[in-house]
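Quick note, the sequences are listed as chains A and B, same order. The first sequence begins at 250 in the numbering used here and counts up one residue at a time. The second sequence begins at 251 in the numbering used here and counts up one residue at a time.
Honestly, the hints are just simulated from the structure, not real lab data. Keep in mind that a hint or two might mislead.
[What the hints assert, rightly or not] A few chain B residues facing chain A, derived, Cβ under 8 Å:
{"no.": "1", "residue": "Q424"}
{"no.": "2", "residue": "D499"}
{"no.": "3", "residue": "V535"}
From a predicted model like this one, the values you see are computed outputs, not experimental measurements. Each residue gets a CB set at the ideal place from its N, CA and C atoms; glycine is no exception.
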Amino acid sequence: MTLYRDLTIRQKHIVWAWAFLAIPALFYGIIRFYPTGTAVLISFQNWNLLGSRTWAGLENYRELWNDPVFWKVFRNTFAYLLIGTPVSLVLSFIIAYHLDKLRFMHGFIRMLYFLPFMTSAVAMAWVWRWFYQGVPIGLFNNILASFGIAQIEFLNSTTNALPAVLAPAVWAGLGFQVIIFMAGLRAIPTSYYEAARIDGVGWWTILTQITLPLLKPTMVFIVVFSSIGFLRIFDHVFNMTTNNPGGPLNATKPLVLMIYDTAFNGFNMGYAAAQTVVLFTILLIVSLIQLRLLRSE
Amino acid sequence: MAVTDIRPTAASVLETKAPARARNMGQFIRWLLLFIGGILMVMPIAYMISTSLKWPHEVYNVNLIPEEPTLENYTYVLEDGRFYLWFVNSIIIATITTLSNLLFDSLVGYTLCKFRFPGRQIIFIAILSTLMIPTEMLVIPWYLMSQSFGWLDSYWGIMFPGLMTAFGTFLMKQFFESVPDDFIEAARIDGLNELQIWWTVAMPLVKPALAALAIFVFLGNWTAFLWPLIVTNSVEMYTIPVGLSGFGDEADVAWELIMTGAAISTIPTLVVFLIFQRFIIRGVVMAGLKG
């Protein structure tokens, strides 16, 4: 065995590097990779946490395919994504675009928009849940009532509940997206705008021909970041529907809530693991589409 | 006043002034709309705090300023004792996790950035690929692991999945790129060993990144819900979000108490934000764009 001091400088570096990486490598192996493998493995097994563990092959996936609740949940999950992402993208761009042109109280107004990002989803879910209650409890319906407008059923309606649960999630994420958009806007060289002004180009043309194309990387980042967030929505749904998780009639149930229910209320680990594999696949596809979009730059 | 040769003609004044006025008007409308929007954005937070200061009979009034503000709800909620416990649990868990991330993410980021060694590429890609694995996929194996090792319902059980993050590692790696290799070489010539170089030379140069990472990790753990919900069983081990969730159900229609609980869990992060506002926003941009 060679002693440390007999090693060349290069060899010493290798020793140091692996000494630094030893604990993290173990961590990633045991806490990330091994469980990933286990999750996939369990998805092919029939495993009631309290009972036996047997090989099931594709049975869990077949069950999932034939489960009407799963398809309902699948549609809900994509509804969160397909409503939440465009709405928050458009809103945050409009806010950032105008806020960027504002000098007076700029910092204060920016703070107002960013503040919700610093809140806890659980706490805010309960605040919004209170807002959504009927007269005389909920704020929204009280305001409607004071204008003599008919009440709106929010969380009890199968059609309104999903957007109602989504709203605080969009609200909380907006400030982050505004900040990222403003950084993107700041990064556009002013010479582009000056050239456009000299050419006498209108603001709409500047927006669509210069600003938006140059913001594409920023937009791709925001779309991917928020898409992943909406596909994994859980805290808001769980806390706004604790009396009937995912209800009414599964109208708000997202995939993560179904996973939680199956695994930790039904103790059907195999079936739940199959659902997590589906979630993983969906997230992977969304991320790959993003990489494609970035590559085409 | 200096006499200028070029005096504005009436026509030119009209020409320039009208658009200027319109521009000011436009700017004012822009300010007003953004201001109103901003106020609406903080309304849920404002109502949460306002309701936590109201007496039960006033809760259903839509007025934002309580008629007779009271701290009664806070006394009631805190006297119960559980919120105090949950608060302490959350502080301990978020603090330890943050320290662990600062230490290990920067160590790994530094090693991947500044060392050339066999296996570097593999480690890099391996850690990168964990970004693709959603937490939700891991909670079942983590639960089974915790069950067999007796980690359920303990601080360690709540903390272990988050002790290192790929996100933090890449954030730190990006920032160590900006540390000149010459500094490191100079330190080597001075006879410092690699551990000392990392800790005393490189780390102080990436303080802003460390602060940004600390904010993200702390906030993330302070508000984390799914895993703490799964791994804790006993009320004494709950974190603030898990406790609040159960408390909300239990308090049923006592919305002033629920708002008080919500405020207790939110106010600390809001205060931290208001103090370090500029700094945090810069950190978010750095983390968002580089991470």
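Status of each hint after checking the structure:
At its closest, the beta carbon of Q424(B) sits 14 Å from a beta carbon of chain A; the interface hint therefore is violated under the 8 Å criterion. The interface hint given for D499(B) is met, as the beta carbon of that residue sits about 5 Å from the closest beta carbon of chain A, less than 8 Å. With a least beta-carbon distance of about 5 Å to chain A, the hint placing V535(B) at the interface is held under the 8 Å criterion.
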